[in-house]
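Undergrad: Listed below are the residues making up each chain.
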Amino acid sequence: MKMVAGQELGTTGMAVNSDAVAEEPAVEARRISKIFQGETEVRALDDVSVSIRRNEFFTLLGPSGCGKTTLLRVIAGFEPPTMGALYLAGTDISRLPPNQRPVNTVFQNYALFPHMSVANNIAFGLEMLGKPKDEVRQTVDDMLRLVQMEALKTRRTSEISGGQQQRVALARALAPHPEVLLLDEPLSALDLKLRKEMQIELKRLQNETGITFVFVTHDQEEALTMSDRVAVMNAGKILQIGSPQEIYQHPAERFVANFIGESNFLDATLSGGTVDLKAGGRYDVTVPEGVAEGSVSVLVRPEHASVRSGPAGDGEMSGTIETVVYSGEATTLHLRLATGEPLKARSPNSPGEGTLPGQGEEAAVSIGAGAVTVLRD
Amino acid sequence: MTDASLHTGPAAGELEREAEQADNRSRWMLSTPAIVIICLAAAGPLMVMVLYSFLTPGDYGNVKWEFSTQAWVNTILQRDIFDDTLMWADAHLSIFWRSLSLSLITTVLTFVFGLPTAWFIATQPPGKKEFWLFLVTVPFWSNLLVRTIAIQELIRAEGVINNTLKFLRIIDEPIQMMFTDFAIAFGMTYVYLPLMVLPIYAAVDKLDFRLVEAAHDLYATRWRTFWRVILPLVKPGIIAGSILVFIPSLGAYVTPRVLGGGKNLMFGNLIELQFGQGRNWPLGAALSLMLMAAVMVALIWYVRVTSRERADV
Ligand SMILES: Nc1ncnc2c1ncn2[C@@H]1O[C@H](COP(=O)(O)OP(=O)(O)OP(=O)(O)O)[C@@H](O)[C@H]1O
Ligand SMILES: [Mg+2]
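Respectively, the protein sequence lines represent chains G and F. With our numbering applied, the first sequence corresponds to residues 1 to 377, in that order. With our numbering applied, the second sequence corresponds to residues 1 to 313, in that order.
Among these hints, one or two may not hold up.
Heads up, simulated SDA-like pairs for lysine to any residue below, C-alpha to C-alpha not over 25 Å straight-line [unchecked claim]:
| no. | chain 1 | residue 1 | chain 2 | residue 2 |
| --- | --- | --- | --- | --- |
| 1 | F | K206 | G | A189 |
| 2 | F | K235 | G | R156 |
| 3 | F | K206 | G | F78 |
| 4 | G | K133 | F | L211 |
| 5 | G | K131 | F | R224 |
Read the hints as simulated data drawn from the structure, not as lab findings.
When you get a sec, could you build the whole thing from the sequences and use the hints?
TA: Below, the structure is given as structure tokens:
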């Protein structure tokens, strides 16, 4: 049973017939649901469809318990989906056991084999694939170099630091050169500085190896800085898939907007291609599918709202400054609009005296063109 | 005293030495109860045994206070009653051999049955584990002799097994199981099984099943996952279980006596014989010491093997 399926799928050094499959997504989930039967039934994945492109750095982002790990485990083969099918490079792999899928995982706790050295951990996958000894040795050395761990080759994995274990886990998963690498919050156990370093490192590794990365995190900043595309999940569903810019600037739903970055939600009326804010002002918008005319909720990012002292003019909103929060590179003003709605506005600090209104002052707020997004609630 | 402390000057050195002595003294005092118990319970009887093994047997048991190495010679050699030539004590040697092989068989059998049992218990949901563990310990509640006689009830000619087989018309004549080596191995496996199950259970219970998933993820089949990941990780439990089973098996006494009848003696019975009917206490003492030595050798070998493997990695 030597990786029959794996070879079909072109894993582990086998040349992939790239012309034939170039159009195929690396991973495609079609209407996958996963229900855990227990004392209470948990619908961990609810009709999830997603198509991950080749060589993509794809991130699953969502709050704790939203089903990110479950989706990864379905892709890796540890959990059979209750419904739906999973395709890898166009082949249905829903029924393939994990050891026959050309997919490797970097586990959240690393799951390194404690009874083996660093080198033996990295060699494990290659040995199980029955690679010849010199090839194994060569690849292990390459991997050690790739993650800069040559010096610790013979150490036991229990005798190296967390960051080093993380590198070994990466090297171990990359060594068999899988089609897809799954990473389940691989950076969450690291301190901030190491975490930033590893973010850059991961991007570099993905570029160098050309492997499709599916990365799980609940840190929105990490998702935005690292990914080609992000899927935002909540309660077992994928709410939106898009590039970091799309997700940030044009979140489709209130949940997405709230989860990524800071948000102001304002009441408005939609008619034609424009919205009239209740607090004042008329803006052109793109209307997302499934939003009816009439009363809607719109999103304004704090950095897109500008504030000046004095009474509001035409098309501006008037409000009162409640709090001023200085945070180094920017200052955030917390206002109460005339309609009673709260609003945050952030502006970068310029050298010299600030010209921002102070606490208790009356202020006028305007919003840049294209900065108003209609939300599907 | 280390070199470093010499350089700190005489006064400092003095103080340090005093502190160290006080430390030593309190350590000695604290361990006194343990030392006393070890001396009384282990070293004392052992010394008596060594002493007795170099004395002459008394006429009605006990010993005569005359130095003799005869007991030690008799452990493996015997004098021909007609022409006084020394020859191998075949009876003793075959009993050594039977004890050794039956103990090994018992260890292997308890492992074969114990590993799946331990695995099953360790993979039960938290609430149920305790229940199964409890069941494993139930046999300890009754006396060894009672349990052994229960086995006799199972395997004797008119016992449960033979009667069932006859009833099902699988056999016509009862199978002779009592008073065979099979009976002894069966009985000892039953008696010592918990000693194998419990340490393996402890090891499997500690096993991180995410490592098993990691192995599957890295293309290992179930079988190779078992050999390359599971077995090495639960090995400490297997070794502990094997030691716990092998050592008492080697000296087993009740089970071979009841199930093996008079002729299938094991080492424990041989020793007992010397203190009882044989009335040869020195020989009994010498045989006991030999058994102890054998156990020590086995233990040292185990430690060697396992520590070498650790160094290999
Ligand atoms: N084996 C299981 N049995 C029952 N319920 C489960 C099981 N695994 C996960 N769940 C449930 O499924 C839901 C999704 O879990 P999952 O581990 O995928 O979340 P997650 O998004 O990875 O969260 P986190 O960020 O905390 O890791 C949760 O409600 C969880 O309790
Ligand atoms: Mg998770």
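Undergrad: Indicate, hint by hint, whether the structure satisfies it.
TA: These are the hints, each one checked on the structure:
The hinted pair formed by K206/F and A189/G meets the criterion: a straight-line CA distance of about 22 Å does not exceed 25 Å. With a CA separation close to 18 Å, the supplied pair K235/F and R156/G stays within the 25 Å bound. A distance of roughly 21 Å separates the Cα atoms of K206/F and F78/G; the hinted pair therefore holds under the 25 Å criterion. Taking the CA atoms of K133/G and L211/F, the gap is about 24 Å. The hint holds against a cut of 25 Å.
Between K131/G and R224/F the alpha-carbon distance is near 15 Å, which keeps this suggested pair within the 25 Å criterion.
Hint check: no violations occur; every hint is consistent with the structure.
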